[in-house]
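K.L.:
Those protein sequences? They're chains F and H, same order as listed.
Per my numbering: the first sequence = residues 229 to 598.
Per my numbering: the second sequence = residues 1127 to 1501.
Just so you know, these hints were derived from the structure itself, not from any lab.
From a predicted model like this one, the values you see are computed outputs, not experimental measurements.
Take these hints with a grain of salt, some might be off.
[What the hints assert, rightly or not] Okay, the calculated beta carbon distance ranges per label pair:
#1 H:1242 to F:313: 25 to 31 Å
#2 F:336 to H:1244: 40 to 46 Å
#3 F:359 to H:1252: 47 to 53 Å
#4 H:1205 to F:326: 44 to 50 Å
#5 H:1149 to F:314: 20 to 26 Å
#6 H:1196 to F:348: 30 to 36 Å
#7 F:589 to H:1201: 45 to 51 Å
#8 F:594 to H:1201: 38 to 44 Å
#9 F:371 to H:1209: 55 to 61 Å
Even glycine gets a Cβ: it sits at the ideal position worked out from N, Cα and C.
Take a look at the letters that make up each chain.
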Amino acid sequence: MSERLARLADVLVGYSTAVRPGDIVRIYGGRPTTPLVREVYRSVLRAGGFPSAELTVDETIEDLLIEGDDDQIAWVPPDLAWTLEHGDVMIVLDGPENTKHLSGVDPAKMTVRAKGREPYQAMYLERSNRGEFRWVLWGYPTNASAQDAGMSLEEFETLVHGAAFLDSDDPIAAWRQFGEELERVGSFLETVSELRVVGEDTDLTFGVGGRTWIRADGHSNLPDGEVFTGPVEDSVEGTIRFTFPATIRGRVAEDVRLRFEGGEVVESTASTGEDFLREMVGMDDGARRAGEFAFGLNRAVTEYTGSLLLDEKIGGTVHLALGRSIPGTGGENQSALHWDMVCDLRQGGQVYADGELVYRDGAFPESVLA
Amino acid sequence: MRDLRVEKFAELIAGYSLGLRDGQVFRVDGEESALPLISAIYRAALRRGALAYTQIRPAGLDEILLEEGTEEQLGHISPGQVVQTEQLDAWATLWSSSNTRALTRADPARRKTHLAAHYRMVNRRWERISAGELAWCGTLFPTQAHAQDAEMSLTQYEDFVYGACHVREEDDPIAHWESVAETLTARARELDSVRELRVVGPDTDLRVGVEGRPWIPSEGKQNMPDGEIFTSPLETATQGEIYFAFPSIFQGQEVENVRLRFEDGRVVHAEATSGEDYLRSLIGTDSGAAVLGEVAFGLNYEIDRFTRDILFDEKIGGTMHVALGGGFDEAGTQNKSDLHWDLICDLRQEGEVYADGELVWKAGRFVTEPAVERV
């Protein structure tokens, strides 16, 4: 296990964040991730960086949201603020102990927390876009995430490691190769001005002309494998029904359906968690708009697991995020929210680019990308 | 289920030791093995309106740094930590560890570089504490590693720690520590008028000059548990011999049966039954390391045994301790050193202390009121 972790650490440090001598590197790990934190710490030392690490614990976030007043909840601690403003590299190892630990918390308090953090979120994404800050999020397999996926920890570990190409002889070479495939999809999409997505209870049209499609090839997320952009803000029209439960901050809304007019959500329903959905959509002006649209392209991820980091990468899905757009895409939407929701297009889904069918049943035909 | 004693412990730190107030920037830090107390202190701080955050250290990173780090990496201070040291209003540090000997075999020279960087931060912290800008408390959450050092089961060790802090279910911790503060302060004001202490015990007859040096009560603000009064002796007045029956520990390494002879304030002879080379190398650290920077009475009678942890051992009721090396500015010290090594002298059986010739302490107790509270 330790060797596998050391290999993973070398991908996170040597490829994803490309740590260089003198880099100030902050490692944040969930409580179960200590064995990996140690390997990442070692790998950063060997790369010549200055690592420091701390564990983030579910319990303290819960305590804050239950015991804290708005000032306390919105406050950003100085160590995190410093890292996001001045640090060179941030490596986040998400390892949940209980994915539903915030179920009993008032969503309004989560909104307060998200709003407090928004300026720092915006700042580090901007810094990242300018090349001043490199960060990666790794989904560390735990029993909690395996349980959501309905499998054993070992089965889930195998799935996650496969999705990150860690079992390949040279994982970094495998990511570079996959990056070329993402490049072909990205360059094609940059020739398109309007996309129309058609699927079950779904017919959504939006402009992407002039926007940049980011090739997510393992630099900010691991596992990874998507291309994404920010849709033209006021152009989104129509309806979309999300196949998988939409989860955020330990909460869930199932069978979410959204109707857009002039770029804004005008109707939102869910079979469960509808109040929560509406609370999130009403968080601020930008939360009603789509900040991201993406194609999941990782064929090593085939089934829904309940871990967003994996689900949004499933080859043959698309996802749309309500809220903040990502700097570098050309998207201009501002919000304290960024909520990704996944729509599976593998069974009969279609995508039209400027009126032409370019994607069906979860794939771009070779002829389109040639 | 939450241990009620941990909740009381946390309230004591947040309320009594640190006096946390609304809007103060507060950090509680420690290794992951201390999580239950870190969380409880964090909650107590939130309830008091503090802008609180935790910094939970994964176990086992320092040994990787000492093994792998370059000189530059070993001596590096994270700029984020510097910023925090300047910004905090209040700070609790939990010294708990999941292995107290993890660094024992690390290369001493590399360790020195690493510690020097660490002490630069600690010194800055003390500057802010002395200037009244920062409230700080160092304490410990009982773990298996510390229980093992103390030669107890974890359950026994928990009872010991919570007893020493007076946070057992039946205790009223804040009332207890307020009364300790009163008693220790009264005792300290008495000692302020003393010119010379003479300590007599097994193989011990030591004279220590303390004229004009203020005695400081340790009443549970900067350490928990607490319970000592201390000062910094006159630098050239220490004369005679002292024997330390407890092992003397510095950075995890033990020296046994230390005997020291002082002339005109300086150690002129040092011996030990084991670790004698280490003892002499520590005394040779620098010029100030052969001079006493502290003399103190341990007065926490709930601490009735040696546990290999200085947080507790220096407060064992009925002991005295002296420290070789740097003294305390607030006690008027002139002695500077990179060393501060507390050595504990057990006076519980046969010890006597004379203040300017008058017997003031016998068999581990002051002979006159204000008596130290007995429980």
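K.L.:
Does the hinted range 47 to 53 Å hold for residue 359 of chain F and residue 1252 of chain H at CB?
P.N.:
With Cβ atoms ~40 Å apart, the hint is violated.
K.L.:
Go ahead and decide if the range 55 to 61 Å is satisfied by the Cβ distance of residue 371 of chain F to residue 1209 of chain H.
P.N.:
Violated, since residue 371 of chain F and residue 1209 of chain H (Cβ atoms, about 37 Å apart) do not stay within the stated range.
K.L.:
Does the hinted range 30 to 36 Å hold for residue 1196 of chain H and residue 348 of chain F at CB?
P.N.:
holds, 31 Å
K.L.:
Range hint 44 to 50 Å: satisfied by the CB atoms of residue 1205 of chain H and residue 326 of chain F?
P.N.:
Distance hint for residue 1205 of chain H, residue 326 of chain F is violated at roughly 34 Å.
K.L.:
Hint says 40 to 46 Å; check whether the CB-CB distance for residue 336 of chain F and residue 1244 of chain H agrees.
P.N.:
Holds: the Cβ-Cβ distance is about 42 Å, inside 40 to 46 Å.
K.L.:
For the range 20 to 26 Å, tell me whether the beta carbons of residue 1149 of chain H and residue 314 of chain F fit it or not.
P.N.:
holds, 25 Å
K.L.:
Does the hinted range 45 to 51 Å hold for residue 589 of chain F and residue 1201 of chain H at CB?
P.N.:
Violated, at about 59 Å.
K.L.:
Is the distance from the Cβ of residue 1242 of chain H to the Cβ of residue 313 of chain F consistent with 25 to 31 Å?
P.N.:
Holds, at about 28 Å.
K.L.:
Is it true that the C-beta distance of residue 594 of chain F to residue 1201 of chain H lies inside 38 to 44 Å, as the hint says?
P.N.:
About 56 Å separates the Cβ atoms of residue 594 of chain F and residue 1201 of chain H, which means 38 to 44 Å is violated.
This entry does not satisfy hints 3, 4, 7, 8 and 9, going by the numbered hints stated previously.
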